[in-house]
Structures are given as structure tokens and as C-alpha cells.
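Visitor: Protein sequences, first through last, are from chains A and B.
Residues in the first sequence are numbered from 1 upward in steps of one, following this note's numbering.
Residues in the second sequence are numbered from 1 upward in steps of one, following this note's numbering.
Calculated directly from the structure, the hints in this document are not laboratory data.
Being a predicted model, the structure only gives us computed values, none of them experimental.
Cβ atoms here follow ideal geometry from the backbone N, Cα and C, with glycine treated the same way.
Any given hint could be a false lead.
Once the Cα atoms are required to be at most 20 Å apart in a straight line, the calculated SDA-like pairs of lysine to any residue come out as [claimed, not checked]: (1) 115/A x 21/B; (2) 184/B x 59/A; (3) 117/A x 338/B; (4) 115/A x 338/B; (5) 115/A x 261/B.
Which residues of chain A face chain B? A partial, calculated answer using Cβ under 10 Å [as the list claims (entries may be wrong)]: (6) 28; (7) 60; (8) 152; (9) 155.
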Amino acid sequence: MKARLKGAQTGRNLLKKKSDALTLRFRQILKKIIETKMLMGEVMREAAFSLAEAKFTAGDFSTTVIQNVNKAQVKIRAKKDNVAGVTLPIFEHYHEGTDSYELTGLARGGEQLAKLKRNYAKAVELLVELASLQTSFVTLDEAIKITNRRVNAIEHVIIPRIERTLAYIIAELDEREREEFYRLKKIQEKKKILKEKTERELEKRKVAGEVTEPANLLAEEKDEDLLFE
Amino acid sequence: MLGSAELCFNVDHGYLEGLVRGCKAGLLTQQDYLNLVQCETLEDLKVHLQTTDYGNFLANQTNPLTVSKIDTEMRRKLCGEFEYFRNHSLEPLSTFFTYMTCGYMIDNVILLVSGALQKKSVRDLLGRCHPLGRFSEMEAVNIADTPSDLFHAVLVETPLAPFFQDCMSENTLDELNIEVLRNKLYKSYLEAFYNFCKDHGDVTAEIMCPILEFEADRRAFIITLNSFGTELSKDAREALYPTCGQLYPEGLRLLAQAEDFEQMKRVVDHYGVYKPLFEAVGDGSGGKSLEDVFYEHEVKMNVLAFTRQFHCGVFYAYTKLREQEMRNIVWIAECISQRHRTKINSYIPIP
Numbered sequence: 001m002k003a004r005l006k007g008a009q010t011g012r013n014l015l016k017k018k019s020d021a022l023t024l025r026f027r028q029i030l031k032k033i034i035e036t037k038m039l040m041g042e043v044m045r046e047a048a049f050s051l052a053e054a055k056f057t058a059g060d061f062s063t064t065v066i067q068n069v070n071k072a073q074v075k076i077r078a079k080k081d082n083v084a085g086v087t088l089p090i091f092e093h094y095h096e097g098t099d100s101y102e103l104t105g106l107a108r109g110g111e112q113l114a115k116l117k118r119n120y121a122k123a124v125e126l127l128v129e130l131a132s133l134q135t136s137f138v139t140l141d142e143a144i145k146i147t148n149r150r151v152n153a154i155e156h157v158i159i160p161r162i163e164r165t166l167a168y169i170i171a172e173l174d175e176r177e178r179e180e181f182y183r184l185k186k187i188q189e190k191k192k193i194l195k196e197k198t199e200r201e202l203e204k205r206k207v208a209g210e211v212t213e214p215a216n217l218l219a220e221e222k223d224e225d226l227l228f229e
Numbered sequence: 001m002l003g004s005a006e007l008c009f010n011v012d013h014g015y016l017e018g019l020v021r022g023c024k025a026g027l028l029t030q031q032d033y034l035n036l037v038q039c040e041t042l043e044d045l046k047v048h049l050q051t052t053d054y055g056n057f058l059a060n061q062t063n064p065l066t067v068s069k070i071d072t073e074m075r076r077k078l079c080g081e082f083e084y085f086r087n088h089s090l091e092p093l094s095t096f097f098t099y100m101t102c103g104y105m106i107d108n109v110i111l112l113v114s115g116a117l118q119k120k121s122v123r124d125l126l127g128r129c130h131p132l133g134r135f136s137e138m139e140a141v142n143i144a145d146t147p148s149d150l151f152h153a154v155l156v157e158t159p160l161a162p163f164f165q166d167c168m169s170e171n172t173l174d175e176l177n178i179e180v181l182r183n184k185l186y187k188s189y190l191e192a193f194y195n196f197c198k199d200h201g202d203v204t205a206e207i208m209c210p211i212l213e214f215e216a217d218r219r220a221f222i223i224t225l226n227s228f229g230t231e232l233s234k235d236a237r238e239a240l241y242p243t244c245g246q247l248y249p250e251g252l253r254l255l256a257q258a259e260d261f262e263q264m265k266r267v268v269d270h271y272g273v274y275k276p277l278f279e280a281v282g283d284g285s286g287g288k289s290l291e292d293v294f295y296e297h298e299v300k301m302n303v304l305a306f307t308r309q310f311h312c313g314v315f316y317a318y319t320k321l322r323e324q325e326m327r328n329i330v331w332i333a334e335c336i337s338q339r340h341r342t343k344i345n346s347y348i349p350i351p
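Using the sequences and the accompanying hints, generate a full structural model.
Guide: This is the structure we're talking about:
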């Protein structure tokens with residue numbers, strides 16, 4: 001029983017450590033998310049403005065771009081990261097294929113278009129990072145909730161239960177011991193009373209002369225059975 | 001005959017010239033631009049535009065007002081004016097107008113071709129074509145499967161046919177990159193336009209030829225600048241330079257060999273007209289870019305076209321100035337709507 005209590009307490013400590021580690025990582029990710037989101041606002045604004053600049057110089061190239069879309073140039077791979085036993089997905093982007101819009105704006109606005117492409121590429125990279133951060137945020141949140149629930153359960157339910165059982169057992173044992181003790185004492189008392197009673201009766205009879213003492217072989221001076229002295 | 005312009009021009013085209021001068025007087029002035037720059041929202045912009053020649057062109061728009069709506073409406077207005085001029089014109093002015101629309105037609109054709117090749121719906125594409133470049137065979141584009149079919153079936157009827165024939169033989173149409181095709185078409189168009197103006201003679205030639213020469217050289221510069229670092233080879237690049245400019249032939253050859261901006265600048269040292277333009281180019285984000293400088297020069301030349309009378313160049317100049325004004329207004333509207341006012345004054349003013 002005591003072993004069980006020990007086991008429960010160790011388990012609870014371990015889980016608390018896991019929960020602390022997860023919370024620490026959680027706070028870190030939260031800070032990074034806030035930073036990235038602010039940066040995102042800036043980058044998107046800059047990208048939208050460079051779009052306006054490019055439209056000013058190059059005219060309307062949106063239809064050209066839309067017509068020539070075929071495969072994605074920037075793709076994403078998902079990797080796994082392990083934090084205190086919780087797997088978090090991390091997205092990583094990689095480039096594939098050539099830039100099919102290299103010659104767009106050859107006649108006008110090429111410089112602005114190049115700047116535009118760079119700005120939006122930066123925006124896309126930031127978006128990918130933000131996506132990884134947010135998914136890990138959500139997963140970590142779940143994991144932390146579960147772990148905390150377990151810690152609380154152990155702390156407030158399991159351990160008290162075990163302790164109460166232990167206390168009960170100890171109390172029972174003590175009580176039985178006391179009962180045993182009491183019984184023994186009571187028996188001893190009774191025996192004593194009985195003994196005293198018989199002694200008193202014996203005394204009484206002796207005084208009344210009814211009871212002779214049986215011959216004391218050792219105190220005998222004369223022995224009748226001896227023929228010769 | 002030297003005096004023939006003054007004698008004969010007004011007979012056929014006098015009414016239209018008067019009309020176009022009246023329209024030109026309605027272009028936005030510096031004061032108008034100052035007012036627009038101080039607007040806080042797009043609604044203010046709309047109110048200010050109502051006091052100018054634009055009138056209530058945005059009156060039927062529902063909220064919210066976006067920059068693209070402003071752009072579409074302005075373009076529609078310009079198109080209306082242009083069609084009016086065109087419908088009332090006689091020869092040779094109508095051929096002149098056809099030449100002017102060829103530029104937009106080239107853009108539309110490229111758009112339709114690339115869309116048809118990818119089996120996109122023709123309806124959407126037609127909606128996105130530039131209205132000034134409309135031609136009657138546009139809807140028939142989706143019947144063809146490859147560019148050569150397209151050429152034989154559809155484009156032979158349009159005014160663009162000679163340009164296609166100039167560029168290449170039909171079997172190379174398939175492999176060519178769409179942008180290279182666009183630039184090649186534009187080159188033959190520009191040269192044809194230039195020859196037309198030159199043959200017309202008179203004041204028209206005097207005014208239009210310098211403008212077209214500048215346009216040709218400007219394209220050569222910009223193509224060179226934008227092809228640094230791309231896969232476009234030097235020969236391919238040289239094939240895209242229009243030959244009707246001042247740079248032909250020596251300058252073009254030198255440009256084709258250029259590797260970076262400094263070498264381009266050295267080429268320009270031989271040509272007095274372009275040297276000060278290149279000097280005015282700032283570096284990076286602070287100063288003006290080459291394209292801004294070119295736009296300003298173009299605007300200057302277009303305004304000068306109005307100082308002479310009795311020529312067709314006024315129509316060209318007016319259309320170009322109107323377009324620049326549209327670009328300015330859209331730029332100011334974008335800056336206002338994105339609340340990014342630092343560069344709001346980088347529009348090109350029209351004196």
C-alpha cells in the first residue's frame with residue numbers, strides 16, 4: 001500500500017515536470033507568434049504597395065499572370081519536432097522549378113515587378129512560418145490541457161484516496177491492537193479476582209478447622225511405620 | 001507641297017481636331033492633383049473628381065468604392081471618347097486610329113492565345129481584354145488548338161497579320177515564349193507605324209516621328225535593363241529592339257552587348273538626347289527610376305505636340321496623356337486606400 005502511494009507521488013512529480021516543460025515551450029511559441037504577426041503586417045503592407053507601384057509602371061499585368069499559372073513554385077514539406085514527448089509539425093518551404101514569369105514586364109516595369117516578386121516571396125515565407133507556429137500552438141495547447149488534467153487528477157483524487165485507505169488501515173490495526181490489549185487485561189483481572197476468592201475461602205476453612213492440612217511429609221518427626229528407632 | 005497641311009487638313013479633320021483640343025483642356029491640372037493628394041478617403045477623391053472634367057462618372061457605383069472600379073470607369077470614359085473620334089474620322093486619320101489601336105490589340109491577342117492554349121473560358125478572357133484593342137474576330141479565338149491554327153484561322157483577317165508574318169515563320173509560333181512573341185509583335189507594329197507616319201509626310205511626320213523614335217529607343221533600353229540576369233540570350237534580345245529609333249544601328253548593337261547598367265550608360269554617352277535622362281536617374285529607392293524618367297520625357301513630348309496645328313499627332317498625344325493621367329489617379333487612389341502616403345507625390349505631373 002505504501003508502495004502504491006510512493007508510486008503515485010513519483011508519477012505526479014514527473015507529470016508536473018512534463019507540464020512545466022510544455023508550458024515553457026508554449027510561452028516561447030506565443031512570443032514568436034506575436035512577433036511574426038507584427039512583422040507580417042508590415043511585410044504585407046509593403047508587398048501591397050509594391051504591387052501598386054508595379055501596376056503604375058507596367059500597366060495591368062494581372063491577366064497575364066493569371067493565364068500563365070501552372071505549377072506552384074514554392075512548396076512546403078512537413079517535418080516533426082518532439083518536445084517532451086509531444087510531436088509538433090513544422091513546415092518548411094522549398095523552391096521547385098524555374099521562375100516562369102521571368103520575362104513578364106520585359107517591355108515595361110521589369111524592375112518594379114522584380115521587387116514585387118521579392119516582396120511577395122518574403123511574405124509567403126513569413127506565412128509558412130506563421131502556419132507552423134500556429135499549428136504547434138494549437139497542438140501544444142491540447143497537450144498541456146491533457147497533462148494538467150492528469151496532474152490534477154493524481155494530485156486531488158488518486159493520492160488522497162490512497163492516503164485515506166492507508167490511514168484507515170492503520171486506524172483499524174491500532175484499534176484491533178487496543179481491543180486485544182483490553183481483552184487480555186480483562187482476562188487477567190478476572191483471573192486475579194478468582195484467585196483471591198479461592199484463597200479467601202481457603203483461609204476461612206482453615207480457621208474453622210475443617211480443613212486439615214494434609215500431612216507434611218517433611219515436617220514429620222515421628223514416623224509410625226518405623227519399627228525400630 | 002509645303003502649304004498643303006494648312007489648306008487641306010481642316011476640310012476633313014478640323015472638327016475632330018477642335019474636339020480633341022477641347023478635351024485636352026479638360027485634363028487635370030497641378031491644382032487638381034494637389035487637391036487629390038490631400039484627400040483622406042476614396043470618397044473624397046470621388047467628390048474632387050466630380051468638379052473636374054470627369055464629372056459624375058462614378059455616380060452609379062455602389063459602395064464600397066475600390067481602386068479597380070475607378071480604373072475601369074476611367075478606362076470606359078476614355079474608350080467612349082476614342083470611339084467617338086474614330087467613328088467620325090476619314091482617311092487617312094482612320095488608318096492612323098487603327099494603328100493606334102494595334103498596340104492594345106497585340107496585348108489582347110496574346111492574352112487570348114495564352115488563355116485558349118490552356119483551354120480557359122473565352123467569356124472571362126473577353127471581359128479582361130483592353131477595350132481599345134477590340135477587334136471583331138475575338139470571339140472566334142477558342143476554335144483553334146495551336147497557335148499556328150489560330151494564326152491561319154483568325155488572325156489573318158485582323159490588321160495584325162503583317163506583324164505576325166514579319167516576325168517569324170508559322171512553325172516557330174508554337175515554341176516561342178509568350179512574352180518574346182509579344183515584344184516581337186510590338187516591334188514590327190512600331191516600325192510599321194513609323195513608316196506610315198513618315199510616308200504621310202508633313203507636320204504629322206514632323207511630330208510623330210520623334211515621338212515614335214523615342215518610344216523605340218525607350219523599349220530598347222527597358223528590354224536591355226530587364227533582361228539582365230534572365231535567360232534571354234543576347235541575340236534574342238537584339239531581335240526584339242525596334243529599328244526605327246535614333247539608336248539604330250550602332251546603338252542597338254552596342255546595347256545588345258551590354259551586361260549591366262553601367263555599360264548601358266556608356267552607350268548613351270554618344271547620344272545627346274538621352275544622356276541627361278540617364279543622369280537624372282537616382283539610385284535605388286531614393287531617386288527616380290529609369291522608367292519614371294522616360295515617362296516624364298514622353299509626357300513632355302506629348303504636350304509639345306499640341307503646339308502645332310493640322311496634324312494627326314494630337315490624337316495620339318491626347319490618348320497617351322489621358323492614359324498617364326489615369327495612371328496618376330490610380331496611383332494616388334492606391335496610396336490613399338493603403339494609407340501609405342510617403343510616396344504619394346511620385347505621380348508624373350502633366351504641365
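Visitor: Next step is simple, just say for each hint if it's right about the structure.
Guide: Okay, the hints, checked on the actual structure:
1. 115/A x 21/B: Violated. Residue 115/A to residue 21/B sits at ~39 Å, over the 20 Å cutoff.
2. 184/B x 59/A: At roughly 19 Å apart (the allowed maximum being 20 Å), residue 59/A and residue 184/B satisfy the hint.
3. 117/A x 338/B: OK: residue 117/A and residue 338/B at ~19 Å, within 20 Å.
4. 115/A x 338/B: This hinted pair holds, its Cα atoms lying about 18 Å apart.
5. 115/A x 261/B: Roughly 17 Å separates the two Cα atoms, so the pair holds.
6. 28: Constraint on residue 28/A not satisfied, violated at 33 Å.
7. 60: Holds: closest Cβ of chain B sits about 8 Å from residue 60/A, inside 10 Å.
8. 152: At 49 Å from the nearest chain B Cβ, residue 152/A fails the 10 Å test, so the hint is violated.
9. 155: 53 Å, violated
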